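Undergrad: Listed below are the residues making up each chain.
There are 2 protein chains.
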Amino acid sequence: MGATKTDLFTKQQNEIAAMAKAIAHPARIAILQYLVKKNACVCGDLVDELGLAQATTSQHLKELKTAGIIQGSIEGASVCYCINPKVWKQYRDLFNAFFKEVDLQGSCC
Amino acid sequence: MGATKTDLFTKQQNEIAAMAKAIAHPARIAILQYLVKKNACVCGDLVDELGLAQATTSQHLKELKTAGIIQGSIEGASVCYCINPKVWKQYRDLFNAFFKEVDLQGSCC
DNA sequence: AATTATTATCGCAATATTACGATATAATTA
DNA sequence: TAATTATATCGTAATATTGCGATAATAATT
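Protein chains in written order, with UniProt numbering: chain G, 1 to 109; chain S, 1 to 109.
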């Protein structure tokens, strides 16, 4: 046990959960906020900004990149990261749809 | 190591991450979708619906309840759960604000 | 009162995540 | 070319999450 039983759920449910998991860490939220503010930055900037070790920062960047929400391009010796606008919009639309207005009277039984 | 270094991040960053974590599992997404559809249900309904063990289902319900996004009221021998509309709206507004429109040209360096 | 039904919690095993030092790799600089 | 800079990856330790059987607690039923 310990592993999530993804086969019990729909593709959509697994996708929403995976997207939520991608942003379910304050460091990754901080990275995304920093990228939105600065438009682009290199890994080293984030190491200074976050206060986490270089290895840890790189690992969080990798997770965000795997999720597709950021992209990196090699810029000489460093790597420049920025938001992937297409995927960013997908996230916005998906969370928007999930939390859409419903007639919630909170009538519990 | 292993524990998240919450002290490195702002209260807001930790809050957004915590909210994302609350819905970062397909079973919890499925529970919320079921509650939106049915308006209210008891734990046993979800055990049948999800296909997870009773103990596991109860645990996921507890996490959603701790996050505040659902509420439960004792109804005889069973417990009736429903969405907490106030917190639901907070989630919607917060994710909405986080993923708000920004001028993302995706211009990476 | 004894049985049954419903849910929560405990205890444990398996797996995942977080964090970091050490090291590898590749580009830049001296 | 050697040293430096920037990033990624490996290996490992600490902690968290997931899942479930067993059991406790409470209400309903017989």
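Hints are not guaranteed to be accurate.
Note that the list lumps identical chains together, so a pair holds whenever it fits in one copy or between two copies.
With a cut-off of at most 25 Å between alpha-carbon atoms, the simulated DSS-like pairs for lysine-lysine come out as follows [stated by the list, open to error]:
1. 37 to 11
2. 89 to 5
3. 5 to 86
4. 38 to 86
5. 86 to 100
6. 65 to 100
7. 5 to 38
8. 89 to 21
9. 38 to 100
In short, the hints are calculated from the structure, not lab data. All values reported here derive from a predicted model rather than from experimental measurement.
Undergrad: Take the hints in turn and mark each one as holding or not.
TA: Right, here's what the structure says about each hint:
1. 37 to 11: between (33 Å within a copy, 18 Å between copies)
2. 89 to 5: This pair counts as neither: shortest intra-copy Cα distance 28 Å, inter-copy 29 Å.
3. 5 to 86: neither (29 Å within a copy, 30 Å between copies)
4. 38 to 86: Classified as within; 18 Å inside a copy, 33 Å across copies.
5. 86 to 100: both (21 Å within a copy, 13 Å between copies)
6. 65 to 100: between (27 Å within a copy, 20 Å between copies)
7. 5 to 38: between (39 Å within a copy, 24 Å between copies)
8. 89 to 21: For residue 89 and residue 21, both the intra-copy (17 Å) and inter-copy (20 Å) Cα distances are at most 25 Å.
9. 38 to 100: between (30 Å within a copy, 16 Å between copies)
Violated hints for the displayed structure, listed by number in ascending order: 2 and 3.
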